[in-house]
Structures are given as C-alpha cells and as structure tokens.
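A.B. asks: Protein chains in written order, with the numbering used here: chain A, 1 to 327; chain B, 1001 to 1211; chain C, 2001 to 2777.
You may find that some hints are simply not true.
Claimed, not checked - Here are the simulated lysine-lysine pairs, DSS-like style, with alpha carbons at most 27 Å apart:
no.	chain 1	residue 1	chain 2	residue 2
1	C	Lys2673	B	Lys1210
2	C	Lys2673	C	Lys2445
3	C	Lys2049	B	Lys1122
As the list claims (entries may be wrong) - Covered stretches of chain A (chain B as the covering partner; in silico rule of three or more C-beta atoms under 8 Å from a C-beta of chain B):
no.	segment
4	23 to 36
5	164 to 175
6	227 to 238
Keep in mind that the hints were calculated from the coordinates and are not lab data.
Even for Gly, the Cβ is constructed at its ideal location relative to N, Cα and C.
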Amino acid sequence: MIPFSYSRATDANGAIEQVAGNHTKYLGGGTNLVDLMRENIERPTALVDVTGLSNEITETPDGGLIIGAAVRNTALASHPIVRARYPVLCRAILAGASAQIRNMATVGGNILQRTRCSYFYDAAGSNCNKRTLGEGCDAIGGFARYHAILGASPSCIATHPSDMCVALAALDAVVLVDGIHGERRLALNDLHRLPGDRPDVDTVLEPDELITAVELPQFSLASRSTYRKVRDRSSYAFALVSVAAILNVKDGLIADARIGLGGVAHKPWRARKAEAILRGGPATIAQFEAAAGAELADAQPLQDNVFKVELARRTIVAVLEDLRDTQ
Amino acid sequence: MQTSTHLEISRRDLLISSAATVAVTGVAGGAIAQSAGNDMVQTSKVSFIVNGDIHNMKLDNRTTLLDALREHLHLTGTKKGCDHGQCGACTVIVDGRRLNACLTLAIMQEGRRVTTIEGLGKPGDLHPMQAAFIKHDGFQCGYCTPGQICSSVAVLEEIGANIPSHVTADLTSPVALTAAEVRERMSGNICRCGAYSNIIDAISDVGGMKA
Amino acid sequence: MNIIEDAKQAVQGLVQGAMAKAVALAPDSWMPGGEPDPLIRHQHGHVGKPLSRIDGPRKVTGSATFSAEFPVDGMVYAAVVFATIAKGRLVEIDTRSAEASPGVISVMTHRNAPKLNPPPVFMSSSKAAGGDNLPIMQDDRIHWNGQPIAVVLAESQEFADHAASLICATYEADVTLTNFAVAIAKGTEPSLFMGQPLHNEIGDAEKALKEAPVAVDATYRTPRHNHNAIELHAVTVAWTGDTLRIHDASQLVAHTAWSVAQMFGMDEKQVVVTSPFVGGGFGGKCLWQHQVLAAAAAKIVGRPVRLVLSREGVYRVVGGRTLTEQRVALGADKHGKFKALIHTGVIAKTPSNILPEPFIMPARSAYASETMLLDVQAVELDMLANTFMRAPGEAVGTFALESAIDELADALGIDPIELRLRNEPEKEPTSGLPFSSRHVVEAWKMGAERFGWDQRSVKPGLVRDGEWLVGLGCATATYPYYRMPGGAARITLTRLGQATVDIAAHEMGMGTATVQTQVVAERLGLSLEAITFNYGDSTLPGVVLAGGSQQTASIGASVIAAHRALVKELIKIAGNDSPLAGLKPDEVASRDAGLCKADDPSRFETYASILERAHRDEIRVEASPPDPLETMHWSMHSHGAMFCEVRVNAVTGEPRVSRFLGSFDCGRILNSKTAASQFRGGIIMGLGLALMEETQFDERYGRIMNPSLSEYHVPVHMDVPDIDVIWTDIPDPHTPMGAHGVGEIGITGTAAAVANAIYNATGKRMRDLPITLDKLL
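Chain A on its own, in the form it takes in the complex (with noise of 0.2 Å):
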C-alpha cells in the first residue's frame, strides 16, 4: 500500500471539494478498495471517506425507494420494504460475500468494485490490460471458469463480481451521482462499461464523481421476483452464473419480465433480448427456453467457460418457471 492521506466528509459537497484529481479515491466499506490497495493495484494518494453520508432508506412519494450510498448491505437487505417488495434484492444482497463484509460494504461500494479475474489481482507476476492498458490479458488461454460469455473483447474477459447489481440491473434502478459539474441521474444500466478496448474503465463516471444514492422505482411486480445465484460451493463464492429475475403473468401470458445476468459480462447483463421474446408471450417452458436461447445466442465462451452458456440458459429457465409457478 503506497502512503495516503485520509479525510472524512459528512456530505457530498464536502467529499467532493476534497476530490484533488485522480489519485483520490472515495472510500465507503473498503472491503474492496482496502484490498485492492494492499495489493497495489489501486494507488490513491488520498482517500475521502464518504461513509458518514447518507445511510437511510427512504420512501418515493410514488412508491419506489431511495437508498443512501453509504446504506451497508446488510441494513439493506434487512430493511422491511425491502424485503416485502424487492426480495429479488434483498436475496441478491444476502447471496453475495459473508455476513462479516455485508456488515462492512456499502451501496456504492458495492456498485463500484471491481473484477475478481486472478490475473488483474496479480499484480506482479500477469499481464492484465485493465491495469495497465496495453499490457495484454493473461485470462484469455489462462483459467477463466469466472470470466465472461457476453460482451467481452479481446483485450478483457473480466465479469463483474456483485450480485447486488444484478438485482439493480433488472430492478432498473436509477444512481444518483454528484461531482464538480453537479448532479447527475444515471440508469445502473448504463452505469458500468463493456471492455471494448478500454477494459481500463469499468464505469462512465469521472474520477470526481460520487454515487450518493440508488433510486428505485415503484414496482407492483417486485413482489414476484428472485433471484439465483450458482456457484462452485454452497456460501462465500462468487458466482459463475446468477439470474436475478421479475415476472409478472397474466392469464397464462407475460405482462412484464425484466431478467438480470451475473457472472457472465464485465457488467450487470440486462436480458433485453430475452426479455422481448418473453413480453406478450405465454408463460411456457418453450417461450422460456426460447427466449435463454436468444439471450444465449450471442454468447462467446472459451474453453473453460463454455458450460456458462448451457448452465445460464438452464438457470434462466429455472428461475423464470419458479417465478411463474408462485404467481
């Protein structure tokens, strides 16, 4: 860890008046940015420590829920709205990490750590283009069970590592952001990148910016949703396949079906493909499996990973009749 110097900020104006440049970072749980630093591969020279903003979870006078940034995962997936009518969240939160880091991470933190791929956390001895551009990728020809099956390039097949932002993915929650040029709403959606040829740059964030809140918005359906997390043993692992899923049918046909992908993409993968063949269709196993199928179509796994595709399309499927059978 190089040295730094360390400030707190009670709100977003003051954490963002200490923001120097590119060598701040913000600081929430640190379960991530602590870790990444250790092992060299995050180097701020100055943390602001945005843990004292806003922790509450308050309603929407139209129903939906506004999160602080600094709401720890736990406080979230206990909170009894939540619970009640976004269990697809709540159960995405409480299937990732252990309790102990549940307890430590925040919302934005959550929203913004980065890849687990064991080439970009080896610093000293992988080449990984996310840490430094141009270097090449290990990953790809090297152990890539964990990596990615959609949207990845040639020059980065990380995933992305929260389950939380799955479930945001398809809740299509909206993150509240601030910075020097002021304030800003963006869909979760179109918060992280794909690695394109800048694997470098996991969101569309500038250095200055701060997420300080994530807004959900009302969700009559959110009562019949899930979320499924598959992983290589049965707690305390990240996933190599998980749906985070919303259903709502209708006399045997699919008013609305949102489906979010985790541990598949550099990013939370939204199933907008999927979710088109579902939309107006019956509620059938055959529309299901079509609809996995198409999401799947494009899918580009390498040797290591290409059980993904058929354990993603499974998954889906299952999810997808789950949801329908406690309609």
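Using the hints provided, position chains B and C relative to the given structure of chain A.
C.D. replies: The following block gives chains B and C in isolation, referenced to the frame of chain A:
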C-alpha cells in the same frame, strides 16, 4: 451451443510473438513507483474503545484495524489468516456488528466500540459461547477459533434481530434459529481443521436450539 | 534428485529390503509391540474418555500464543518479493527505491545474503527437514515462479510491504518445462519412496486383466492441492550471541533445529526452535525458505525479525500436493474375485525434492488379487517442490482405486460393499506380512447398518427430491500405521506425586497435550492434574515428526521406554525395605500414585514413600524406544468404511453432500472427543478434495493463479452436513496403547465415496477431481 475461439487465437499470436523474448522486466508491485513525494509517511490520530478501554493512537494511515489490534495493542487473539477478508479469522465486533478487521483501516474506527475475543471472556471467566466451544470441541488447532466465536456470538444476535440470510425461506416472517441458518451465517469463517459440525453444536447449545 | 541421490536411495532400499526379510521372519516376541502394552488392559481409567482439551481455555480466549505473536524488543518486520518467471536468471534487481523508502532498514537479496549451505531435503537423512535442497538466496538462479528474490526489512509491516512493491527485477528466462502432458510425452522415470521403488508386481496382471470375464479400466486425475492451514506461515527469530532462537509454526521442531544449524554451519544445540501452538499443519508446516530467510535477515540487520508470509506468499513458498494421473484396471471372475488389480500412473515432482505422491499405497494392502501391477512414474517440472499433504498417496490413491471398485461392482451387478468383502485379504498381498490388526469387515457392517445402506437404489438416477437427484456411495478408507525412529522422552517424578513428561512433539489441533496427559496419567497411576506435558521445543528430548499420523505412536513408545526406565530406577532406590523389593520391572505395574506387583496389587508403595525413603525430591529419567521394526514384521494399517449421501441439482449440476458417515477401525481410541473431531476434520478436507479444491497452476508460466482463500475453495460451514463417526475401538495388540493415529485416515476414501454417490444419483462417472458442477451439467 457454439464455442468461439477468436480470443484464444489472438492470445496465441501474442504468445508466439513474445516467445523469443529473453529479458522480462517486472516491478513487483505491478506499477512503476510514483514520485518520491508520495512516500512521505502519513499518520493520523485516532481513538476508539477496545473491550471497554479507550485507546488514543497515532497510526500510519495504512494500518488496518487488525494490525492495530495485534501489533499496536498486542491483542493477538484476533488472528490474521488471509488479510483479504476471505477467511474470517480476524472477525471482531464493532458497534455491535461483526466485521473483518483486515479489510478496514484503523483510522476509520474513530469513536467506535470494538469487542475482540479477549473482551468476551478470559480463562476462568469464559463467555458462554467460549465454554460451549470447549464442551463441544468446536476447534482443533485453535487459530480460526477467536473469529469463529466472535461470529457465533454475533450470529445469535443477528437472528434475534431478525436479519435475514441467504437460506431464509420467507423474508417477511421472523427468522428462526435453525442449523441451516447457522451454517449459512457462519460461512464467512473458514476452519481448515474441520470443526464445523462441532461449532454448530456449540452455537445450537448456547442459542437454545432444539436438536 | 540427481543420480547420486537416486543411487544412495536405491542402496538404502536394498539394505532395507534385506533387513525387511529378516525382520519379517523373526519371532513376534523380538519385535517392539511383541508383548502388548499393559495399558491396553486398562479399560476404566483415563484412556478413551471424552476429555475436553486442556488447552481449550487458552484457545477459546485468544491467549494461546502462535509464532507471529511472541513480542520481541527491537523487532524488525519483513516482506518477501517473489520471482515471476519459472526458470532462468536474475539479471538485475534494483532495490534502490526500496532502500530509500521510509522506515526501511535493509533489503536482502542474493548479493548480500549470508553464505548458507543448501537445506538438507526431507527424507535424505533422519533429521532433514527441507522442502527441497535448493540454495536459499545464494545466487541469481530462478528455479520456480514464486521463488523469493528479496526480503525487505523495515520498522513496520506497512513500510516493509510498500518498499517490497518498489523492487524491480529483470530476468533472463530459460526454456522451461511446466506442462504435465508435455513432460509425460518426453518420458517418465520410475520413482522411489522411503528408499523403496514404488513398484509391485504379482504375476502377469495385464494378461490376467485381458482374460478376466469382467473388467474395468479407466484413468483418474487429481489436481494440485494446498494445505491452507488458516494460520499463515510465520516466524519470529532472534540471534542471541551465537544462538539462534526461532519461534516457528512447526510440525518438526527438532528436525528444523538440526537442518537450520546445517545451513548456517552451527551446532544443532545453537538453534532453538519452539512451537507451542501450530495453527494447522496438514504437512505444510515444515521447513521452507521463510524461516531461513528470516534468520539470515536477522543476522544482516542485527535485530530480531518477524516474517509472516502473506497468503499469496504461502502459495509461492510452501509446496503442496502434486497432481496425479492414475490408471486403475480391475479384472474379476463372475463372483467378483479379483483376478487382476492394476494401479499405475504418473505424478509430477521437481529435480530438487524426493516425494513422488505414492498413490499405490492403498492398493498394496487393501485387497486380495491373483495378480497385481502397481507402479508410480514421475516427471520433473519447473515448479515449487511438491510435498506431503494429509495422507500423501492415500488421499488421491483411494479416489482412483475405490472409484474403480465401484465401477467394477456396477459391471458385475454385485453390491459394492459385498464386492469388497469378497476380496478381503488374509495377509498383505504385496509383502506377505500378517496384519497386526484388521477389522475392516466389522467397520463395514457397523457402518452399513447405521447409515442405512440397504436404502440405496441399486440403479442410478432414480431417486429425486424436487430439483435434486439423490444418491448413496461408499468407499474404503485406509492409512498405514507408522512409527518413525528417533523418539525419546524424559519423565520427572517428584516426591509430591507430580510427573512431567518432556518430548519435542507438537500440537497443531490433534489434542496432543490432552491425549498424552490422559495416557501418561494412566500409565503412571496418577490423576490428570498431576501431569505436566511439555512439548513444542527442540531442546526437549526426541526427534518426533507430527506427520504420517505417527506422533501418538512415537510419543507413546517413547513414554513406554521412559516409564520402564523410571520403574527400574524406582525399584532400585526403593531398596529392600519396600514391599516391591526383589521385583523385576516387568513384574511391576502402576496404580494410585505408586507401584505394585502386577499380579498382586496389594504389594504396593507410593512414589512419595519411595522417594522420601531415598531422600530424593525427584527422579528424572530419559529413554528412547527401540527402532520401529514392528512395521516391517506386521502389515499395520488403519481402516475405515465411508458412506456418503449426495444431492446433485438436476438444473445446475451443483453437487452437495447431505450426509456422511465414517466407520473406522483405528485401534483403540484414546480420547473419544478429540478423535471424533480429527475423523470429521479429515472427512471435511476429503469433501473439499472431492468437490472443490484445486491449485490452479498456469502451465504457460508455471505460476499458481489462485493463491488465495477466495479463489482456492475449501469447504465452508454451509458445505458440511452432519458427519457421523463411529469406530470399532479394537486395540492393535502390537502398538503403544493399542492405538493408531487418526489424523489422516478421514481424508482417504472420502472423495471416492462422494464420486460413487454422485454416480448413484446421476449415472455419471466422475474420474477427474474436483467434481465441479460443469462436469455434471
């Protein structure tokens, strides 16, 4: 299902082109050192309460809560097993919530109340969970044990506080104390000796779970 | 190993071979254990009781002190920099930025490291402890990807770690061999284990296989594994004058002291290694570079040094279990009698270490077969030396062998337990030696009944619970009984009736102090409170390895020897006025804090009375047991029957173990509480072996790519169901206390039981570990 190999081909090309390269230069840290100006030692004053005692310290900003406890306060009951939040040996309770002391900086703990294994009980004056671990042989080498015990104490409180877990079937009903709930909630604490079954017995005993 | 080492080993092997014949033919009574340990007859004393660990209060309060926790004044913190190529030369290592970094005291590289002899590699001599025999920071050669190339010494860990990141190395890479398949294609070499070729032949097995009415023949693969003890490898070292003090996490303190002394050119008494608590070992807590680097660095800076390897550092510096590719072919007649048993294959090692993962060990003694061909071939790769990990050989060997037996049972249409019982050997097939104690049939019967084996669906893939396919499987567990030479113990008995036993043994979770206190109390006829058991210090008597599940035997035999010396001395000083007058040591037993005539307990005098009359405050004896010839006279093994219920998700392929039973035949159980824990612990590591564990070695670069507890999966709480363990509790008449070690057998057979259960659940044969969900989709 189709398998695309274009990425692998591009990688192979890269390998071929670099196969003849003899000298490989690497900086162990992965990036070139920054200007010397960054190498100033940065310290901060911080005070927090550990097991009831206030400690005022001046620490390197980089010092984790774990290293502050072990190296500065000599409370070595809290263990370092991975230093990455991957094993749970460093679990302590801060303001009533358990966390991994290796993933949080000491300077972030200003004004907080930290409880470590030493604060739960001492030989001759054991916390009920510590006594239950002995009774049920909930450990072998004893290294992950302080973290397991701090987590165990917190697990019963979390269930009591109706905090759900991954295995909670009904998110809107009160959480019940079951073996599955305990196993899931304890999964952030790895025991390589394999005392898991006995740990569950110890927690069930203290929590009053029906067998 | 080079040719000379090979030759030396081969000669040793020949001598041992000749010795072995003589020992095999000698009368039982000449053997250690020829007369049963009298303690076996003590049925209602301390031995066997579920005593809670006597060090429990320290462990549960965090007051047990591990090696990185000894406070030393003026201590310096170390950080290690590792090579990033698999083989070659360090052209340049630029340490200037690191040296100029705040808080840094010194940087040690091959340029300024003190001159050291290479480490004596384990098994090359009786006290050798080195993981390999490569020089430590003596030259610019790189032998593996991860080799230490620099050690930064600083006033704090933060300073040291940061400075380490500033060190810049330039390498000249050699052509490397890091690919297992390529190495096999280039040719394999026969291998030796403990001086003996890993090769056995009975008849023409290939011919018998061809002619057998029913046969199976398949290849099984197991990957590399790492021990992953939760305690990081750490040392706190200090030089005081010419004496080097090492607070280590060690399974072999005496070996380490001697080996480090060899390297520094010192007398072994000048190196003191202590290790009162070890945070898990499993074969990994032996002598690797970090202890030596810390000692060398402490010499350079003239201050004590603490070196704690990072988790990644443990993977870079401490070897693990190597990978195997095994063929098992079984031929049988229609009734299931084995006509041919072939277990052959290849492992990878390095040119600088000795251990070829001896996966044929189970097949040597587990089953009768008309013909047999067992063979382990080796290739050498440019990698960190492989080493012992819990049940080396047996853990992965039983996976292949016991899976193959299940396959044969399926082909024959015979129940797999019945098939095993039909091939129960009368004596060890490969050596012809009689078994010292073998009750595996009882273990099978007890286990099958308790587990409900009769509930198993014979046809696979038929039992379903919602999304989950359910199956049952079983396998034999087996692990040899070892007792290594070199044991010794000291007993001090005071007039107050307090006894202290000193022996350079180890506690890494087995409950050593607890169990030995029970045994010593019983042997001396004292209360538990009267016993002090000192261990974990190289200055104590004995060269005892906490490995091979042999420490209990080694301590037990040493204490028997010391106890015998004590009794002899007590009778001598008791004189003619004692009720014991005229008795020989063999005629005497201990009871109620004194000695009595064995067959006339009324002839009795207390220790206090004997010592008082002799005007002695205490009596102290030290003795060594005879060499372990018993292991060449009998075939000595622990056995078990493993039962597993597994659930495989029909949608996702996720395999989860839902129930497990281990039924063991391991001699007499000395402490039913701690033994049960060790059995369970072994089984849990076996579940990891079966389902998730793999050290990912990137063959392109020879680099381990998952050096973390996040990417290397070991089982967590949620992966582990209720594990039932039962045992025969039948003493082995030829071992101290009638006991066998119980630390390793739990991991044997477990992976096969899981794989066989998965076959029963799904109809899919899993021959490559770990059995991850993609293989079951």
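A.B. asks: Which numbered hints does this structure break?
C.D. replies: The structure conflicts with hint 5 only, although it agrees with all the remaining ones.
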